[in-house]
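Enquirer: If you want the building blocks of each chain, they are given just below.
There are 2 protein chains.
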Amino acid sequence: MTTHVFSFGDGKADGDPKRRDLLGGKGAGLAEMTQLGLPVPPGFTISTEACNVYAATHAHPGGLAAEVAAALARVERSLGMRFGDASAPLLVSVRSGGRASMPGMMDTILNLGLNDATCEGLAARSGNRKFALDAYRRFIAMYATIALGAKKEPFDHAMDDLRAELAQARGVDASRMNAEELKRAVPDSEFTEPLLERMVASFKELVLAHSGKPFPSDPHAQLWGAIEAVFGSWNNDRAVYYRRMHDIPDSWGTACNIQAMVFGNLGDASATGVAFTRNPSTGERALFGEWLPNAQGEDVVAGIRTPMLIRGDKGTLEAAMPAAYAELVRISNALEAHFRDMQDLEFTIQEGKLFMLQCRNGKRTGRASVRIATELVKEGALSREEALLRVEPESLNQLLHPTIDPKAEKRLLAKGLSASPGAASGTVVFDAAEAKRMAAQEKAVILVRVETSPEDIQGMQAARGILTARGGMTSHAAVVARGMGKPCVAGTTSVHVNYQTQTATFSMEPGAPPIVLKKGDTLTIDGATGEVFAGAVPTVPAGVTGEFEELMRWADAARTLGVRANADTPEDAQTARAFGAEGIGLCRTEHMFFGGTRIDAVREMILADTAEHRARALAKLLPYQREDFVGIFRAMNGLPVTVRLLDPPLHEFLPDRPEQIKDLAAAIGVSEQVVTQRAKDLHELNPMLGHRGCRLAITYPEIYAMQVRALFEAAKIAASEGVVVKPEIMIPLAVSKAELDAMRAIVTRVEKEVGEVGAYQFGTMIELPRAALLADELAQTAEFFSFGTNDLTQATLGLSRDDAGSFLGEYVEQGLLPKDPFVSIDQDGVGQLVKLACERGKRTRPDIKLGVCGEHGGDPASVAFFHGVGLAYVSCSPKRLPIARLAAAQAAVRTRGGKSGASTA
Amino acid sequence: MTTHVFSFGDGKADGDPKRRDLLGGKGAGLAEMTQLGLPVPPGFTISTEACNVYAATHAHPGGLAAEVAAALARVERSLGMRFGDASAPLLVSVRSGGRASMPGMMDTILNLGLNDATCEGLAARSGNRKFALDAYRRFIAMYATIALGAKKEPFDHAMDDLRAELAQARGVDASRMNAEELKRAVPDSEFTEPLLERMVASFKELVLAHSGKPFPSDPHAQLWGAIEAVFGSWNNDRAVYYRRMHDIPDSWGTACNIQAMVFGNLGDASATGVAFTRNPSTGERALFGEWLPNAQGEDVVAGIRTPMLIRGDKGTLEAAMPAAYAELVRISNALEAHFRDMQDLEFTIQEGKLFMLQCRNGKRTGRASVRIATELVKEGALSREEALLRVEPESLNQLLHPTIDPKAEKRLLAKGLSASPGAASGTVVFDAAEAKRMAAQEKAVILVRVETSPEDIQGMQAARGILTARGGMTSHAAVVARGMGKPCVAGTTSVHVNYQTQTATFSMEPGAPPIVLKKGDTLTIDGATGEVFAGAVPTVPAGVTGEFEELMRWADAARTLGVRANADTPEDAQTARAFGAEGIGLCRTEHMFFGGTRIDAVREMILADTAEHRARALAKLLPYQREDFVGIFRAMNGLPVTVRLLDPPLHEFLPDRPEQIKDLAAAIGVSEQVVTQRAKDLHELNPMLGHRGCRLAITYPEIYAMQVRALFEAAKIAASEGVVVKPEIMIPLAVSKAELDAMRAIVTRVEKEVGEVGAYQFGTMIELPRAALLADELAQTAEFFSFGTNDLTQATLGLSRDDAGSFLGEYVEQGLLPKDPFVSIDQDGVGQLVKLACERGKRTRPDIKLGVCGEHGGDPASVAFFHGVGLAYVSCSPKRLPIARLAAAQAAVRTRGGKSGASTA
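For the protein sequence lines, the chains are A and B, in the order given.
Everything in the first sequence is counted per the working numbering, starting at 0 for the first residue and increasing by one.
Everything in the second sequence is counted per the working numbering, starting at 0 for the first residue and increasing by one.
None of these hints come from the bench; they were simulated from the model.
As the structure is a prediction and not an experimental result, all values here were calculated from the model.
Mixed in with the good hints there might be a few duds.
Which copy is meant is left open, so a pair is good if it fits within one copy or across any two.
[Stated by the list, open to error] Derived DSS-like pairs (lysine-lysine); straight-line CA-CA distance at most 30 Å:
#1 Lys-517 x Lys-679
#2 Lys-619 x Lys-751
#3 Lys-661 x Lys-377
#4 Lys-751 x Lys-661
#5 Lys-414 x Lys-679
#6 Lys-841 x Lys-129
#7 Lys-818 x Lys-679
#8 Lys-661 x Lys-679
#9 Lys-151 x Lys-313
#10 Lys-736 x Lys-848
#11 Lys-751 x Lys-414
#12 Lys-435 x Lys-517
#13 Lys-818 x Lys-834
#14 Lys-377 x Lys-818
#15 Lys-679 x Lys-518
#16 Lys-818 x Lys-736
#17 Lys-818 x Lys-517
#18 Lys-517 x Lys-442
#19 Lys-150 x Lys-679
I would like the entire structure built from these sequences, with the hints used as guidance.
Expert: Structure representation (structure tokens):
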């Protein structure tokens, strides 16, 4: 028969600490600490398998009752106490504990086993009846709310009434005090025995009123009620929601830990606390934590009493209880040495004796994560490769961008998509031009738009951050902001932006009045969390450390996947190089079209009614493009630069506001009607599937010819300065070899005209399913493929990144799609096409260069996938390069190390 | 060494008539007639391979000169004449002839071998110097324009001058006559010998002036010049364009036929003519054709003299030359018996003797095609299966829709896409509501729109035909018009529609003033050709014949592929059944939402701000949907009905014009602002990739619940009347099993609520690449797949059917895509996904039902593809059912018969 119950205590544990899947994290930690000979109160763990049986059948697996009884008997024997025995009452805690940590998501019941008789027994044994009664009233309230489903408020109100009574008895007028004031006037520590007796009686009445039955006095009935509550808590709303957010499978289940109580509230020689073996904020190597004398664990987190630091200036555990402190330091060191990672510990000191209640790998900031991992290597505890696996790539964002000061007071207005990390405060501005003007006056502005368009680029550049009401993780605002390394919160559906009234209205929870911000008001956005706050919230600046640089060097040594950047300007290219780019994987030439007078030439070109007129306008653009390319070649000296020829539909370049149309018409000497009509003609119902990419060059070959000429001429200029240029010409949106041949013909013709342009490569994006399916044919002409996974995702799923905001959240929440496919590549669907295109491309051209330049190039899970399918490089926003480098290193280490390497993560 | 020259003559032919690839159609026909012992002037064919060598290298394959010389010598021996010999001059014709007929696209030179000496020799031998001079002047002009690249006009002008001179000499004032009048005043037959001599001299001077060299008098030089001209003509603009239009590969090349001249212009015992073995318009079994006495072939087609009927009331060949006629009838019968198909013949009678110059399968109308094929079966010449392969499926359109009277005078205004066949005339109307009003007054109207939207449905129904300026073959207008069986010309980019001025402006050729039609003017559209004509052009009504019905019965017996219809109303369902539907493959429920008061309830539902309010609005819709379904079930008694739940994005149902918004706001009691705001909120940048299909039901499950309830309740009502109902519930736009499971849960819940709904199937459309890629998972829940190849094409190629109009034409013309992928399925790309989804679906569920309901279900090439991949059925517009049935039969016959079956087509 399967064993479902695993005992621990007295230096022995039945469960295998490696079986976190069976014991849960907490159970595994308790088993491991017990095996290490540390002072752990005895107890037992009921496995996740039993939870799953209960969740599926609402019944317990056969034999569970007998196993629990046997395990409980072992605890009784170990301590010489008995469950329900008034003379030596054993009390237990019942706690949930899943495979992954889900802090605060599931339930815990303390002091279980108390009833009127055992309470008096506890009073007698501890010599502290007040303590016993306090434990009893706490237990009744806790059990009622968790195991019996009662509401918490009636219990709070009953306590408030008793507090008020006590205050009145002391001559204090409590009639006008609120709950907080009452608590301060009559703290728990001042409860008297008679008051606690009345509280117990009052709580029992509340239970009777709630459930129609008296409070269960039988400790065994209490125990099974608690076990079922813990198992049930796996599927409470909070837990389910948390799992969705953190990709934790429903099938894991939770274990249930039953452990003998120890008491930190038995007087001044008792205490409780939490500790980290290193500082979780900074990573400093020194015991860090908080404690409270004469308290139970819940007091530390409840916030009624302010905990003290374990080490520090005053009120330290070190000073108050030197022996227990020394023991804690010893144990802390032993645990770190054993787990080779920073540990998060819970402990209780009962009348001078230290007990360990939990240990697990501690959560930490990105900064701490990097420092701890690198220092553990220097201490000889970890290999470099192991250290690389210890740092969550996304956590590097905290080093690379300003973050909200964790201690700051703040008022949440809305939560949108965490589109581009970093925190920023500024004045609300609704117009890109206005943002530019105000920024020129050294004002910090936040650009607030329904959505952004290419016209807004300069305003976005000028703003400290961008907030949009619409659009997903790969909407224009999100993509451009990430490219600029600028904070952005996108798709904030609860805000309504009104350009006419120049207001942003934030809908709050139902019933609450909306909050209206006007132009000129201040707000703060946190692009890493998607949060929007009122006013200016203090931030912590970005800053990379020596340890970070070191970790990056190790990552570069470990990884096999190349890392390039998406960069459109010489400035971006310099940033990219500073962040470790080994080339540019995507230089979007259209962004170059938006500068000052260039846009006029672009518009003139679009409005041209003959090929010659178009050629004239293009000739004006040529010098600008050439200059940009020269700058980029200089910045990337010696490294490859992939230039994507014009991609967006032409209507994106035309203005849509009447006054702009008027200006444009005047500037190029045509009637407004001509501009309006051309814009109308170019209008598309589904521009994403329209006249764009190389389709433009089929209709207007002269556009690509100009771009290629600018590129070749720039290459010659740069080369003449001694710069090593490695241009790669990339064709967007191709679906057939014939298109590529037509494009190749343009390139070859211009090459002949320009003459001696040096070596270059010619390739294509793979961004439509047909291109992937016909990759073998495309590879006959293309020397490289770069997967445009944004567009490939849109087409494969039939999902517009700009429009999906209204339902994609629901999709991910309901588990209809595993993740937002614009954030992390849809491996099941889009991934199949990527794999297939790689195979077919290589079949035709074994040395074909394969890369990816979609947003997924900076997503760790996607990077691991791209490593797996054998791409040569990923390309991402400059500021995501460190993340990509680390993710690539992790993928390489995991591939080399197999599963065992991965499991130390 | 490869043989490039194949002689024919004297009852023997070197070439194998089956090798049309090598000999071309004309060469094969000549070889075959020769082998049959028919009177064919001797000659030889230079193969297409030689043409391809010349096209690639501008040089002739080795040995060709020797082969030509030998073949020419054979002709000389056969006739006892010699090339360039004045005493017995051999003259030849040099004609192109590709594998497929490309009428008028390539070049022919007659009378080659003439020079001053042989002309006199011909005069002497024929005893007719005028004839010889006439042949000579014709030859010089022909050779100059074709082989030497001279323009035709100078030759015409020279002749006009001589005509005018002759007229003046006769006392007629020709100074104010135009060319036509001159021709009537002085017909060719009245040319005198001196005049012809001057003409020859004048033509020679023109040649000298044009090429700087005298006219080549060496017949061998003439011959090679002509051969190279014929080979070169394969790549002239007309020919290249024709090949693109008719899917003829560039690689086929043309053969060159050199044949001894016979003369139909040697006097009244000579004649020339063309004949069909059966009537090409009606299919009637009787020799049909035209002839001219004393004429060369070019006179018949030139239109200067009016040819006479071979059989008929007067001027018949039968009466004029009974012996030659009898011989022609005998040969005609022999050729039909041999080829077992209607033949198109060219013949010449030289001084009473009949010569055959060409035979090939004759082009015919759809009506004739059906009659000939069925009668050939009855005559025992063909099997039924062979007959099925003889009818081009698309040609059935001519029996099913009115066509433009071929004899009608007409003025072409524009050419758009042939979006839905049929011809119709009517008053121009620019507004759907206006169309409805006028149609109610019994007026015939043509609805002219930039593009149509679902709001226009009733106006489209009311109109005789639809003309749009935008949108492709699967735009809303095209799809809906085909569904209605109504003529539609879509994507007419040369027309500019202005709703404000209520005008349609047709741009004509450059330089010509545009033509403006106002509301109330009349125009005619031909949806089969895409042509738009001014005024009311007479039409020939549709009409199916007994032969058609018979052919359809044979088709049904032969095919294995099921044929269903796309039908949304009981009326459509009845039509579909009449046209042979074996079920409904696609019932689009959204079209049901547009009727009178229904649309109000739909809009109320969309504007609802709570689920209850939405439910109230949906409750109003339920009875309508139920009633529609009952009607459809009755019409399809015993046959399956696939109902697709709501698919389009909700904003399609909201009005966009201010007065409509006002009305709607008043009707449902909200402010206009609410309507406008909701419309704004629902607006999408790329609605095709937006919140539609089952994504709607994830957000608003109550919509699908209502539809399923209506369906189940209707099934119960119909069943209670004794109707056999076979409902199939189809989910649009799914990309994951999880979505299907969520939809299945809605269906199951409603099923339980409604109770005893009988058997039904649950399935999904496969219309996005991800659905195809994950077909194995989807098949776990779906009992059937129906490929939505319209959307699948859009997503796979990243091509919006509504927007592709601006460049797709160019794509097909330039050969960047083999065909318009919305007309004929893109087998290379989309086809891969269809195949893969079939395989994966069957792997999970071996008995999964596979069908297609995209527009491709009515395209013959696509139907053959679907047959090949093993689908169970195709579904198409009711009026395309006969085409689909025939195409399916052809696919089955070809599969059974292998290549040999196909080659008889």
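Enquirer: With reference to the structure, classify each hint as holding or not holding.
Expert: Hint check results:
1. Lys-517 x Lys-679: between (34 Å within a copy, 21 Å between copies)
2. Lys-619 x Lys-751: within (22 Å within a copy, 70 Å between copies)
3. Lys-661 x Lys-377: neither (67 Å within a copy, 74 Å between copies)
4. Lys-751 x Lys-661: For Lys-751 and Lys-661, neither the intra-copy (41 Å) nor the inter-copy (63 Å) Cα distance is at most 30 Å.
5. Lys-414 x Lys-679: between (36 Å within a copy, 21 Å between copies)
6. Lys-841 x Lys-129: neither (78 Å within a copy, 72 Å between copies)
7. Lys-818 x Lys-679: between (38 Å within a copy, 28 Å between copies)
8. Lys-661 x Lys-679: Answer is both: 15 Å inside a copy and 26 Å across each meet the 30 Å cutoff.
9. Lys-151 x Lys-313: neither (36 Å within a copy, 111 Å between copies)
10. Lys-736 x Lys-848: The answer is within: 17 Å in one copy meets 30 Å, while 35 Å across copies does not.
11. Lys-751 x Lys-414: neither (55 Å within a copy, 40 Å between copies)
12. Lys-435 x Lys-517: Close inside one copy (18 Å), not across copies (49 Å); limit 30 Å.
13. Lys-818 x Lys-834: Close inside one copy (19 Å) and across copies (28 Å); limit 30 Å.
14. Lys-377 x Lys-818: Neither, since 37 Å and 65 Å both go past 30 Å.
15. Lys-679 x Lys-518: For Lys-679 and Lys-518, only the inter-copy Cα distance (22 Å) is at most 30 Å; the intra-copy one is 32 Å.
16. Lys-818 x Lys-736: For Lys-818 and Lys-736, only the inter-copy Cα distance (15 Å) is at most 30 Å; the intra-copy one is 33 Å.
17. Lys-818 x Lys-517: neither (35 Å within a copy, 55 Å between copies)
18. Lys-517 x Lys-442: within (16 Å within a copy, 57 Å between copies)
19. Lys-150 x Lys-679: The answer is neither: 61 Å in one copy and 43 Å across copies each exceed 30 Å.
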